[in-house]
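Asker: Chain residues, written in single-letter form:
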Amino acid sequence: MNTAPALSLRNIYKSFGGIVAVEDLSLDVKRGEIVALVGDNGAGKSTVVKIITGMYQPSSGEIRLAGEPVHFIDASQSQSKGVQVVYQDLALAESQPVYMNLFLGREKTKGWFGKLDRTGMIAETEELMRELNVRIPSPKSTIRKLSGGQRQAVAIARATHWATNLVLMDEPTAALGVTETSKAEDIISGLKARDLAILIVSHSLDQVFRLSDQICVLRRGKQIGVRQTKQTDKNEIVSMITGLHASSR
Amino acid sequence: MNFKKLLTRPEFGAFVAAVGIFVFFAAVAGEGFLSISGTINYLEVAAQVGILAVSVSLLMIAGEFDLSVGSMIGASGMIIALAVTQFDWPLWLAIIVAFLFSLVVGYVNGWLVIKTRLPSFIITLASMFLLRGLTIGFTLLITNVTRASGLGTYTEGDFLAPLFLGRPLGLPISIWWWIGLSLILGWMLFRTPFGNWVFAAGGDALAARNVGVPVARVKISLFMLTAASATLLAIIQVLDTGSADVLRGEQKELEAIASAVIGGCLLSGGYGSVYGAAIGALILGMVQEGIVFTRISTDWFRAVLGGMLLAAVLLNNYLRHRALRSR
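Chains as they are written, first to last, in numbering that gives the first Met the number 0: chain D, 0 to 248; chain A, 0 to 326.
These are calculated hints, taken from the structure and not from any lab test.
We put the beta carbon where it would ideally sit given N, CA and C, even for glycine.
Some hints could be false.
Incomplete in silico selection of chain A near chain D, CB under 7 Å [what the hints assert, rightly or not]:
1. Arg-190
2. Thr-191
3. Pro-192
4. Asn-195
5. Phe-198
6. Ala-199
7. Gly-202
8. Asp-203
9. Ala-206
10. Asn-209
11. Val-210
12. Gly-211
13. Val-212
14. Gly-269
15. Tyr-270
For reference, chain A alone in the conformation it holds in the complex (with noise of 0.2 Å):
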């Protein structure tokens, strides 16, 4: 592969962003930055942002939006926290509950979209306000408290827990989902008829259906993997602390597409990258634990990362255009 086509890669801008942030917090930073456990930890800041992201940028790559996934990830963990604490369902009934009602939810948000005409930015941003406030109304109609805690007893000796718990080889279990999906995903969008359904999708939905791609079927599979994919969160979170809060994943849906974004994902869909997508929410994850061991407060996370996603933003613009100017 020559210098200009990887100029030309969507994912490039976030590598060398990437590259850079790490480079600035070992300098700034140092060794608490660069040890094992501040690695970990950064790592799996990521990781919880990157589960999320990857499956949105391919929806994005297909030319919509899902805001409802931060609304999902609390919904889902409260389903999974009452069913086991109140009513008395095993854990892998309540997981494979979660996981039904999300791909419900997505199916719903995908078939609105596609039904309706309207913009996913509405729809989604509907289905946030109706998802948390179901969530936030059950919760306290059912324990009168906005949280459940002591699940931790429940994961002993369930089948399914083990695939959303512990630290396999030492590092936790949401780091290995990330890697996992990213692959996958990545490899579905780069190497299947379905990832160039994807592209076309989002990039000519009217000259995709022209020649017989199932533009329908395409998006809202992905609105179901969105959501999917924040139950998983969920449920991983829900697992590790032993307690699900309503206003859990708060915000996830916004990092997820600024990490798609820095990834190069367009706005406007039909271009970008899961590859990116995982590289956004690295640096996601390396800024926000870096922040915490140059001892500059992290209330100042959001405005770095505000500032962050302008300047990838510009830099990918800048990238693309050179890279397609010098052909």
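Isolated chain D (complex conformation) (with noise of 0.2 Å):
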């Protein structure tokens, strides 16, 4: 069993032209505990995912991915890797069933001549839908006829049927309502229980406060801080993120 953390992040330091986005950033995210990034908007945290999924490319520092140095140069290659990412704007095909949107990509076939094997997709649909508990109508029904917290569910679902170490998570719940965002929230806190890492990137503190293990607060690409999130508080964490005492406030 390798016990290194599923990801591994050493000293990542990235700029464009001259301004730079992310300053000597170190991180662990072990199997089985949710990572929380927070940050004020251009804190970096988009940046962080895009560097850890290969869209971009540190300019300098270490990827470990279970402890393998990693140079992802697109998505794809992360994604070969094991890293699935949850987006905010849910990154489903439209017109097109569950359990299609969950194997796209990676479709189930049978026979010589790639015949999409649709029982045994929907069959897997199912079961993983079980599991992981979320309510959907069928595998069948097309994305169009989900709510949107049906979607995210989806989403949530295919990143945890794919990912072998780590799911992203950037802003998975901001498109939601109330309640789709507690609903939402169990699914992904029984993602713990797969084994598998989770970074989360949230706006919503209180969200953070009942998902994450350890909270890494960002600003302007500085990493401030990294506190195990049952020794803080939302002060400590508010006062983090916006550089003020939280006494002076």
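Hey, can you piece these two chains together into the complex? The hints should help.
Answerer: Have a look at this one:
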């Protein structure tokens, strides 16, 4: 059993031209752990996510997945190493059914001619939805007919299904209502039991405190600090995010 | 398959329309339209549009247009005619070269669309003019006329020609190609991962790319497919008539798009059917030939086609909304 953290960032530095987006970030995310990345707008959270997926390359620093140094040049390479992303904007094909979205790009086939194995995909989708306690009318429903919460649940289920190391979540509930958010959060905390590492970017501190084990705070690209969620409170995190002392607010 | 599900099929509207139009001409045009030779006539017209329409529909489902297929027909036809009559190439070599040329043109179309992120409408509008202009220019430069004829004698003994010539089992070869392509491409669209990627590429390219669908590769290969199907049609026409003309294939791109739309394809991509496009082509063929049998002047064909296109789009829209709402 590999005891190295699922994701390990060491001294990550990224600049665009003269502008420094991320400065000296070091962070570990272990399996079965949810780490939250928080910070104000422009703090560099999304850049970090894009660096991990391979959409951006760090200017310097090291990324390790399960102990192994990686250098991704595009998002498909990180996917093949078991990294999956859940986006805020529900990256699903609207006119396709749930099961097709779950398998999009990795369809199950049978026979010599690569015929789609619909029955197999539907059965697997049903099983996954049951495991994750996701309620949708049917694996055959088209995405367009699902609510925002159901759609995000499908996106999370898809990421979970294909991730072997790490699931990145970039504001996964930003587009959802209150009840839908709480359902999505239930699903997300349920993922810990699947032994995946989860890095979540969120604006909602309430959510961060409900879900995470550790909180990493960024401010203008700088890593301000990492705290165990149980050993900190909102005041401390807010003052780290804003750079103002809680007492002076 | 229950009735509601049938209603939501993209080709349902086209199917209803095809039956209606058949009944209409059977009643009005009567025996001429219903006779075997009449049937073969409209099937052949339908096949010529259909060969294009089935691949154009795939490209449209993937969210792109190809306006250059009409010009591609003229260009491929002239390449073959000139190679054979002016440069004494064997026919099979000319055919292969024409196919390779179309694949290159399709690749360039697709590559430009992907790289520039400009609408394919604009890119292929440009290649439509470019191809047609180059065809006219080079042909006049080489032969001083805009037509090449007398190809009939070159087909004899050529090993590739039988694939594109004649009437196996009494039906013109174009009809066999139309049916074959419809079945193969339809199977590909609905039964294989590639087909799934086509839907995803047209439905939400970004989402598809994010989960690892090779969107660029899918689109470029479909541009190559439409160009190659234009060449296929050009070869069938050249061998059938024994001649090529620089203007051949004009407006075929629009007829193909019309067939695809009548067959249920959305202009926005992500939705549609190869079988629908094949039925759309059948409708075009029936109307074009049916008019002849009614003794109405064929001058009215385009007016009828325009009206039908509008009616088909409205019907498809209505059916789709109704079917989705009734769930």
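Asker: Which numbered hints does this structure break?
Answerer: none
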